[in-house]
Amino acid sequence: MEANIRKSHFIYWASGIVSICGIIFEVLFGALGSYILGDGVKQYTLTISLFLTGMGIGASISEKVMKQLIVTFIWIEFMVALIGGFSSFTMFGMTAFAPSGTDALFLYLVTFTIGALTGIELPILIRKANEIGVELNRSTARVLFSDYAGGLIGGLLFAFYLRPQMGMVKSAFFVACINLAVAVLVLYLFRSEIKRFSVHLTGAVIIGTLLIGGLFFGEEMAFSFEQKLYKDPIIHMEESAYQRIVLTKEQGDTRLFLNGSLQFSSTDEHRYHETLVHPPVAFSVKQDNVLILGGGDGIAAKELLKYQEIKEITLVDLDPAVTNLARTNYHLLQVNKGALDDPRVNVLNKDAFKFLETADQFYDVIIIDLPDPNNESLNKLYTREFYSLVRNHLSPGGAVMIQATSPLFATEVYWTIDKTVASTGLYTENFHVDVPSFGNWGFIMAAREPLAIEEVQFTVETEFLTEEVFQSMTVFGKDEDGEILNGEGQVVKLEPNTLINPHLIQKYEQAWRNY
1 MEANIRKSHF IYWASGIVSI CGIIFEVLFG ALGSYILGDG VKQYTLTISL FLTGMGIGAS
61 ISEKVMKQLI VTFIWIEFMV ALIGGFSSFT MFGMTAFAPS GTDALFLYLV TFTIGALTGI
121 ELPILIRKAN EIGVELNRST ARVLFSDYAG GLIGGLLFAF YLRPQMGMVK SAFFVACINL
181 AVAVLVLYLF RSEIKRFSVH LTGAVIIGTL LIGGLFFGEE MAFSFEQKLY KDPIIHMEES
241 AYQRIVLTKE QGDTRLFLNG SLQFSSTDEH RYHETLVHPP VAFSVKQDNV LILGGGDGIA
301 AKELLKYQEI KEITLVDLDP AVTNLARTNY HLLQVNKGAL DDPRVNVLNK DAFKFLETAD
361 QFYDVIIIDL PDPNNESLNK LYTREFYSLV RNHLSPGGAV MIQATSPLFA TEVYWTIDKT
421 VASTGLYTEN FHVDVPSFGN WGFIMAAREP LAIEEVQFTV ETEFLTEEVF QSMTVFGKDE
481 DGEILNGEGQ VVKLEPNTLI NPHLIQKYEQ AWRNY
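When the letters of the sequence shown are read in order and numbered with full-length UniProt numbering, they come out as residues 1 to 515.
Derived from the structure by calculation, the hints contain no laboratory data.
Each hint should be verified, as a subset may be incorrect.
Unchecked claim - Computed Cβ-Cβ distance ranges for the label pairs, DEER-style:
| hint | residue 1 | residue 2 | range |
| --- | --- | --- | --- |
| 1 | Gln-510 | Arg-196 | 51 to 61 Å |
| 2 | Thr-466 | Asp-253 | 16 to 26 Å |
| 3 | Thr-358 | Val-65 | 53 to 63 Å |
| 4 | Tyr-330 | Gln-165 | 22 to 32 Å |
| 5 | Leu-201 | Leu-499 | 54 to 64 Å |
| 6 | Thr-328 | Lys-64 | 53 to 63 Å |
| 7 | Val-475 | Leu-109 | 47 to 57 Å |
| 8 | Gln-510 | Thr-466 | 28 to 38 Å |
| 9 | Val-65 | Thr-328 | 51 to 61 Å |
| 10 | Glu-468 | Ile-48 | 51 to 61 Å |
| 11 | Gly-425 | Leu-109 | 19 to 29 Å |
What you are looking at is a predicted structure, and each value in this text was computed from that prediction instead of being measured.
Just so you know, even glycine gets a beta-carbon here, dropped at the ideal spot from N, CA and C.
Go ahead and model the full structure; you've got the sequences and the hints to work with.
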């Protein structure tokens with residue numbers, strides 16, 4: 001009787017532990033999809049839906065398991081450990097070598113499979129607890145409690161420890177090892193009723209060897225896979241709490257990538273950053289107080305520090321990993337000249353939207369150097385509500401400059417951003433510049449008063465920008481101007497992007513699909 005009680009208690013613990021592993025795999029697959037395939041909401045929606053559907057089908061299949069409940073549970077854990085453990089590793093390999101689209105198919109298939117296996121687990125545990133003498137209502141309630149509580153723990157572990165500390169490849173192998181450990185403990189605890197014990201133990205040893213090898217060497221191999229995604233050698237890679245940061249360098253060209261998207265190339269960043277920084281400074285009546293939203297690499301701050309009249313620069317960037325890298329990495333310091341450690345620069349690691357909601361200061365110049373709106377958290381920073389906050393913190397006579405993606409590759413996106421900024425009551429002017437590493441890139445300058453482009457004068461040394469070049473940037477070709485035509489040749493009426501109707505991200509995803 002005492003042995004049965006001990007076994008039933010372990011079943012409850014096992015259900016909680018495998019639930020922790022299941023929810024970690026679920027959110028891990030969502031994070032993989034978001035990083036590799038883009039559009040985080042879409043990927044998380046698909047992975048959660050597929051995982052839950054798999055659980056439902058797995059629960060239905062579990063009805064057909066009539067005998068050898070424990071052996072079935074053990075081999076399900078073996079399968080979860082093997083498939084889940086190698087999921088991230090294989091995903092990176094497929095992204096580098098497999099035909100386009102197969103990585104998505106693989107991810108969705110793995111998500112559904114792990115969900116189905118998880119769905120089989122819990123009914124088996126409930127029936128086994130009932131079989132050894134626990135009343136059905138009590139065994140069901142306790143196993144489900146362990147399952148739900150484990151789900152919360154799993155989500156918190158992934159968000160706050162596994163992803164930022166171990167990364168997606170090691171996390172998958174580590175969690176798989178836990179699944180395997182549960183299977184081995186169950187195998188040992190119920191050994192008296194398991195036939196061919198040595199066969200099951202041998203299977204556990206083989207799978208364990210593979211997982212431990214993956215835990216120690218898988219990330220290095222996945223690194224070589226990921227290197228195939230980048231033209232130049234990777235010199236730094238880390239997984240922060242917010243994004244995957246990759247730094248590459250080849251023949252003096254340093255490049256920064258966030259979640260796979262290029263942020264700058266040191267060979268031509270001056271074209272981008274001079275256009276971003278110097279025009280709004282030139283148009284502002286005063287330049288005492290400057291705000292940079294984004295720009296954690298420190299290069300925009302470097303350009304601003306050329307102005308002796310600027311007294312204070314506030315840089316707000318969400319990810320401390322980026323700003324720390326910009327302060328400590330030799331290759332980045334060669335590009336930003338140590339700008340973030342200048343006494344005039346105050347770095348705040350905060351969400352730009354929340355910062356503007358609570359800030360009580362006005363700024364003479366506001367530089368918005370944020371990544372493109374390729375996910376929901378960034379899309380929020382391209383809405384009318386956000387630009388209204390920007391307007392409310394702009395000093396009279398001040399100017400704002402916004403990086404606004406490519407008007408050639410994403411024409412409708414660019415002009416929708418312009419429409420969104422103008423909907424706040426600000427006057428806008430449109431510019432684009434050729435940046436070889438990016439292509440044709442667009443900027444939007446805004447102010448409370450109309451902007452007289454012909455009056456601009458630049459007072460600091462530049463590598464690229466002149467008054468004549470700047471004025472030429474206002475000329476757009478017919479295939480990139482603000483007149484967007486649909487398939488029937490009719491002019492598309494652009495609507496501002498808002499928090500309630502965040503349609504910009506769909507436009508962005510569609511525009512960049514072929515680039």
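Now the hints, each set against the structure:
1. As the Cβ distance of Gln-510 to Arg-196 is approximately 56 Å, the hint placing it in 51 to 61 Å holds.
2. Against the hinted window of 16 to 26 Å, the Cβ-Cβ separation of Thr-466 and Asp-253 comes to about 25 Å, which satisfies the hint.
3. Separation of Thr-358 from Val-65 is about 56 Å and conforms to the stated range, judged on CB atoms against 53 to 63 Å.
4. Checked against the given bound of 22 to 32 Å, the beta carbons of Tyr-330 and Gln-165, roughly 24 Å apart, stay inside it.
5. As the Cβ distance of Leu-201 to Leu-499 is approximately 56 Å, the hint placing it in 54 to 64 Å holds.
6. For Thr-328 paired with Lys-64, a C-beta distance near 58 Å keeps the hint of 53 to 63 Å intact.
7. Take Val-475 and Leu-109: their Cβ atoms lie about 50 Å apart, and the range 47 to 57 Å holds.
8. A hinted range of 28 to 38 Å holds for the C-beta pair Gln-510 and Thr-466, which are about 36 Å apart.
9. In this structure the supplied range 51 to 61 Å holds for Val-65 paired with Thr-328, their Cβ-Cβ distance being about 55 Å.
10. A beta carbon spacing of about 54 Å between Glu-468 and Ile-48 agrees with the range 51 to 61 Å that was offered as a hint.
11. Evaluation of the 19 to 29 Å hint for Gly-425 and Leu-109 yields a failure: the beta carbon distance comes to about 50 Å.
Comparing the model with each numbered hint stated earlier shows that hint 11 is the single one that does not hold.
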